[in-house]
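> Sequence:
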Amino acid sequence: MRDPENAIVEVELPDDFDDFWAAGLADCASYPLDPVLTEMPSLSTDKVIVYDLRYTSYGGLRIAGWYTVPRDGPAPFPALVTIPGYMSEPTIPKEWSELGYAALAVAPRGKLRSNDVFNPGYPGLLTHNIVDHHTYGYRGFYLDVVRAVEVLLDRPEVDDLRIGLQGSSQGGGLGISTAALMPDVIRCVAAGAPYLCGIMTAPTLTRSYPYEEINEYLRLHPKDVDRVRETVAYYDGLNFAPKVRAPTLLYLGLEDDVCPPETGFALRRVLTCETTLHAYPHCAHHAGLPGVLRIVEDFLAEHLTPGR
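Residue numbers for the sequence shown follow this note's numbering, so the first one is 7 and each next one is one higher.
The calculated label-pair distances, taken between Cβ atoms and stated as ranges, are:
(1) R8 with T51: 44 to 50 Å
(2) D166 with V123: 27 to 33 Å
(3) S214 with P296: 20 to 26 Å
(4) P47 with E280: 40 to 46 Å
(5) A13 with P80: 44 to 50 Å
(6) E222 with D52: 45 to 51 Å
(7) N221 with E303: 35 to 41 Å
(8) D263 with R77: 41 to 47 Å
(9) D33 with A81: 31 to 37 Å
(10) N12 with P80: 45 to 51 Å
(11) T97 with R68: 17 to 23 Å
(12) R68 with A28: 22 to 28 Å
No wet-lab data here; the hints were simulated from the structure. Glycine is no exception: its CB is placed at the ideal position from the N, C-alpha and C atoms.
Please build the complete structure, drawing on both the sequences and the hints.
In structure tokens form, the structure reads like this:
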């Protein structure tokens with residue numbers, strides 16, 4: 007009988023974890039952000055202006071996003087970065103701007119509008135260069151979200167004291183890592199069914215993708231198991247979590263066969279910030295959606311106060 011709330015999920019913290027990510031941030035800082043926003047009248051509405059966004063991230067790659075702002079309302083606006091799931095593409099976040107946010111939906115490297123140079127495919131990203139933590143595909147992917155936040159910090163219509171993160175699955179996991187890497191900037195995080203937490207434990211609890219990519223890789227390369235474990239420790243949300251300061255909302259499905267709930271509860275245990283957890287029986291990877299969306303909206307409004 008599974009007991010996800012009390013399951014043991016352990017991840018070793020690399021001695022140079024902080025130095026490793028400091029080096030990645032330094033690499034990003036060596037490239038001008040060079041954001042370019044192009045207004046998209048055909049996608050805009052009478053309430054929201056839509057922009058195509060391009061900016062420079064880790065390794066000098068140009069990254070895409072959708073940026074939306076309210077046409078009216080009291081600027082500066084609170085801002086929200088929405089982060090896509092593993093298989094999904096970012097949608098234009100007009101619904102968030104209708105609620106009063108400047109919203110940036112980031113398309114990290116490998117997504118359709120950011121895959122000219124880096125395109126490992128889906129499946130493929132989770133195991134791309136997985137035996138070397140320096141060149142692992144997710145390194146730039148994580149930092150692309152950090153750079154998206156930096157775009158918001160440069161926008162005159164954004165209140166840089168009110169920036170939050172929102173996403174589910176991969177979006178939830180990268181919300182945790184981004185909040186940890188930018189603790190003085192991020193004011194709140196809403197993370198559903200967080201992926202990339204307990205990365206080596208999760209494949210033992212599910213045979214669903216994306217984690218099944220690790221099982222498949224190790225069936226072909228069984229001698230690499232220690233190298234894989236060493237790499238993913240640098241990317242595991244459980245190692246980022248203690249560095250998160252922002253209030254955090256977690257929501258989980260207790261029958262999630264993609265991101266096992268054991269890993270979500272493990273994340274809750276290692277978060278030291280103000281944390282609220284909603285766990286939904288009989289729910290799979292949707293983790294309570296669409297009903298939980300109202301809870302997410304209320305949580306973000308509490309900490310970012312749109313319309314102030």
